[in-house]
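Each chain is listed here by its residues.
Number of protein chains: 2
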Amino acid sequence: MGGDPQVGSARPGGRTARTRAAVLDAVRDELADAGYAGLTLERVAERSGVHLATLYRRWRTVEGLVTDLLGEIGKSEVPIPDTGSLRSDLRALALEIARLYQQPRMRAVIEGVVAAAVRSPEASAAWASVIAERNRLAARIVARAVERGELPAETDGVAVVSAVGAPIYYRMLVARGPVDDALAETAAAAAYAGALGGAFAHT
Amino acid sequence: MGGDPQVGSARPGGRTARTRAAVLDAVRDELADAGYAGLTLERVAERSGVHLATLYRRWRTVEGLVTDLLGEIGKSEVPIPDTGSLRSDLRALALEIARLYQQPRMRAVIEGVVAAAVRSPEASAAWASVIAERNRLAARIVARAVERGELPAETDGVAVVSAVGAPIYYRMLVARGPVDDALAETAAAAAYAGALGGAFAHT
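These protein sequence lines map, in sequence, to chains G and R.
At position 112 of the first sequence the residue is numbered 112 (UniProt numbering), and the sequence of numbers has no breaks.
At position 63 of the second sequence the residue is numbered 63 (UniProt numbering), and the sequence of numbers has no breaks.
Bound-form chain G, shown alone (with noise of 0.2 angstroms):
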């Protein structure tokens, strides 16, 4: 139990996670400085003062690498807003996912993970399954909407959901602009006039 906690630990484990984390870091810098095509275990290596010899063990490929930070943004972001009515949740969703986005770092990271996934079916498997747990927690939003009897129970939660986030990643990833709090404003009043219209029933 002695010792500085920043450089060991007794418990089982702490120095691993302590070395995942160091590695995850780096690879977010990486991405954020150079993108996914000047991501190498080297620099990662360099960046993290994790041996790269750890790095090929453990992760083996840049793609390894951009899985397992998938995994760890999937655990970490985006709470889910329940503030009582659709309309308020759909809004505070949309702009929690727009003010991650506004985060030049992060804009990096999650151009670099899209153009992983293009580029490997691994991490293309990691980000799908990223995105699916992630719109299946925020779809709680519509089952809440539904037993208070704002929305019909056939109503396709992960379909509204994905709607509220669709305009965002479309805005950075094929129109290529600012991901603002008025483009956020205007998806949740879409998907919430879509879900109200019945336009997100399951088929």
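Read the hints as simulated data drawn from the structure, not as lab findings.
Among the clues, some could well be false.
[As the list claims (entries may be wrong)] Sample of chain G residues at the chain R side, in silico, Cβ under 7 angstroms:
| id | residue |
| --- | --- |
| 1 | Glu111 |
| 2 | Val114 |
| 3 | Val118 |
| 4 | Arg119 |
| 5 | Ser124 |
| 6 | Ala128 |
| 7 | Pro167 |
| 8 | Tyr170 |
| 9 | Val174 |
| 10 | Ala175 |
| 11 | Arg176 |
| 12 | Gly197 |
| 13 | Ala199 |
Glycine included, every Cβ here is placed at the ideal spot set by N, Cα and C.
Once you have looked at the hints, place chain R on chain G.
Here is chain R on its own, set in the frame of chain G:
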């Protein structure tokens, strides 16, 4: 005027145009077969039968090739529906986009383009301009609906047609699932409900 139109032409630019067509076809095929990561000027030269020196002189880089291909894609694809009602125009537009990307070759091309846009500011600008021009044209759907009195005049046409495409690109690039007709129907229905509900009013 004599000679085989397949191999020569007295028309100025004829040979140049055919060379460009052969090269861009080869770029599409390479993207479909090997993706953006495998795209090289050497492979495009081999596949197209055009000299490598010509490729270097006219296109310089892989990003130059993708940028030129984007110009072609922007000119040629997705006609604008004009069926007489906003609801059916949006539905037709969504189904056109979905059916384009139901072709594995077109989906591979677009994934390559998105990865190129992440890696190259030149490709990013070309892609953004293709999408902006396509959305500007598609926004005629909304302008006609305003003329018919279906929508208020302050409706942002580009926002409406972006909302039709966004869920399709989200499915391909983010959720990484199949682009089916049901997705297109949902996207069109939600964009229509959003437009009627005033979600896309200019702010």
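Starting from the hint list further up, note which numbers the structure goes against and sort them upward.
-> none
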